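S.K.: Order-wise, the sequence lines are chains A and B. Numbering of the first sequence is given in my numbering, commencing with residue 1 and proceeding in unit increments. Numbering of the second sequence is given in my numbering, commencing with residue 1001 and proceeding in unit increments.
Quick caveat, the hints were computed from the structure, so don't treat them as lab data. Just so you know, these numbers come straight off a predicted model, no measurement behind them. Don't take each hint at face value.
Stated by the list, open to error - Below, simulated DSS-like cross-link-like pairs (lysine-lysine); rule was C-alpha separation at most 27 Å, straight line:
| hint | chain 1 | residue 1 | chain 2 | residue 2 |
| --- | --- | --- | --- | --- |
| 1 | B | 1186 | B | 1161 |
| 2 | A | 306 | B | 1186 |
| 3 | A | 323 | A | 306 |
| 4 | A | 185 | A | 148 |
| 5 | B | 1278 | A | 111 |
| 6 | A | 315 | A | 276 |
| 7 | A | 276 | A | 306 |
| 8 | A | 213 | B | 1278 |
| 9 | B | 1280 | A | 111 |
Now for the letters of each chain:
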Amino acid sequence: MKPRQFVPAFIVFVLIIALIPVFVGFNEYFILLATVVLIYGVITTAWNVMGGIAGQLDLGATAYLGIGAYVAGNMLIWWNITPWIGMFVGAIIAAGFASAIGYVMFRYGVKEIWYALSTLGLVEVLRVIFMLWKEVGGPLEKYLPRSKTDPFYYMSFGSYIPYFYIALIFLLITFLVNYRLRYSKIGYSMLALGSNEDAAESLGIDTRRTKLKGLFIYSFIVGAFGGFYACFCSFIHPNTDFNMNFALEIAVLGIVGGLGTYYGPLLAASILVSLKEYLRAVFGTIVLGIYPAIFGLAIILIILFKPEGLSSILKNVYIKLRKGGGTKHGRQQHS
Amino acid sequence: MLDVVAQSVISGLINGLIYAMVALGLSVIYGVMDLINFAHGEFVMLAMYFTFWIVSFSGLDQTVAFLPALPIFFLVGVLIYYGMLNRTMGTPLSQIALMLGVAMVIRSFVQIAGGTAPKGLPPSFIFGVLNIGSLAISYSRVATAVVSLVLLIIVHLFLTKTYTGLSMLAASDDRTAAYLMGINVKRIYALAFGLGLALVTIPAAFLMTYQHADPSSYLRFGLLSWCIVALAGLGRISGIIPAAIIVGIAESLVVTFVAPEAHSLPIYLLFILVIWLKPKGLFGRK
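Use the sequences and the hints to build the structure in full.
M.R.: As structure tokens, then:
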């Protein structure tokens, strides 16, 4: 989609999502499901900056999510500071932490599978550290204070609708950041880096700086979202926030969605997470544990038959529609 | 105090040798095919369940229960290679997603077929405790460690002395060159993947002599194996033993002197540090 066609499509897209609560008749359960989809959508879209556009397989999404959740959560528990502020503090700490780690990693040329594995190891290291660090974490869930008189200050609403719209705002911001980045100078540097690091370097791109920038943006968004995630769960626990499988799922959704696009990960998250939650609701009580199998099979089939990702389907449909419309852009193929 | 340290180091050493055998299959797959098998822990767990089922249906001893499982795993490996991996060679990200899909299917299968309760087996014919002075180690662990050493030596000899093994090493060094030398690289990759999965059944069978299997067993062995492979360096069978012993002893010392729930901390910290500072591994080729 070209920049000039982006704005109307984006507005339609926002309106459709924003009206979901109306479509489902304000049914709390369906709004909860939609919120879960949005949560995956936000993190996967943020992941896309690093994983999709810059082509660095990052498996540490929940490390930054967890840091954000723990910072915002503990600020609320200890000093009664609203998560709206805690979110930004969490984002800054998560991004600072990620940049410090990233600086060392990129300095020593850790890349490809070793980058993936060390970010995954990072999640597990943080989980164990917060499990042992009794003041802020520990093996017991720490519940966030709630308030009936001032739900906004504590971000503890009685309904899922506010959570849904906060997540939606996050998604819009993340999506716009992705889109802006994708067509900016640094975005093109990232794309070059993603397709061939040596070639990018030989063309004068400072790959270490570019990677660090990508990591910073990604961890900042995910860290800020961690504060929301803590309030959404209404408790913080190392296994929930520093969850290795969650981080892996994010990366899988990003890969399945199609690398190097800005909308692919969101597409994959909305289709596959809806499928997963639907399967959980339908089969969860009949055959215990069958929904991950179907989810796993869906991923396998997509990789085998649509290796370029789900976004390619959307792209083809879009190109066909343009051709049918017979406009002057009709024959251009663009991503 | 000294007794506690000695006991801790000895049990760490034995555990390390056992971990070496667990990581062996992953090392073969990664070393030969450059494939990131994220389902390794799941395959270990699946093999442990297979051992449980075979022993409880046939009454065989755990120590020989891998014999029927081994060819099944080998075939599954070859089928997975020809059915899925062959089509995605050269796109590592797709392969990672693919293997994670396989991992999810295995987790789910284990839960459906085995339930969520832990599955333990009665002791095998090896039982009792070996006492040396004040140290105590169960015979089943010692036996597992010995089997591990023997298996590592066999695989090492296979890779360095037989034609198929040398073809695998050649394909891992330079795929195109191996192809030009008349090696059927696809077949070699299929064999390597089958072998890597088959090698999982032996440690799984021996683990079942003193451990139980449950649907979260994969968590324990997946990343642990990757740590050992990273420490050992790319596809080095001989590097696995010292790497695994370091991991085992570090884990055991932390469990004894810091906190039992921190057991994975030293492993992953070591792993991250090694990746940063010595990406070729502690015992890798120059």
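S.K.: Mind checking the alpha carbons of residue 1186 of chain B and residue 1161 of chain B for me, to see if they're no more than 27 Å apart?
M.R.: holds, 21 Å
S.K.: Next pair to validate is residue 306 of chain A with residue 1186 of chain B; report whether the Cα-Cα distance is within 27 Å.
M.R.: With a Cα-Cα distance of about 22 Å, the restraint between residue 306 of chain A and residue 1186 of chain B holds, given a limit of 27 Å.
S.K.: Check the hint pairing residue 213 of chain A with residue 1278 of chain B against an upper bound of 27 Å on the C-alpha distance.
M.R.: Since the Cα atoms of residue 213 of chain A and residue 1278 of chain B sit roughly 25 Å apart, the hinted pair holds (cutoff 27 Å).
S.K.: Straight-line Cα separation of residue 185 of chain A and residue 148 of chain A no greater than 27 Å?
M.R.: violated, 48 Å
S.K.: Does residue 306 of chain A lie within 27 Å of residue 276 of chain A when you go C-alpha to C-alpha?
M.R.: Roughly 19 Å between the alpha carbons, so the hint for residue 276 of chain A and residue 306 of chain A holds.
S.K.: Next pair to validate is residue 1278 of chain B with residue 111 of chain A; report whether the Cα-Cα distance is within 27 Å.
M.R.: Satisfied, since the Cα-Cα distance of roughly 13 Å is no more than 27 Å.
S.K.: Between residue 1280 of chain B and residue 111 of chain A, does the CA-CA distance stay at or below 27 Å?
M.R.: holds, 12 Å
S.K.: Within 27 Å, alpha carbon to alpha carbon, are residue 315 of chain A and residue 276 of chain A?
M.R.: OK: residue 315 of chain A and residue 276 of chain A at ~24 Å, within 27 Å.
S.K.: With the threshold set at 27 Å, check whether the alpha-carbon distance from residue 323 of chain A to residue 306 of chain A stays at or below it.
M.R.: Holds, at roughly 22 Å.
Checked against the numbered hints above, the structure violates only hint 4.
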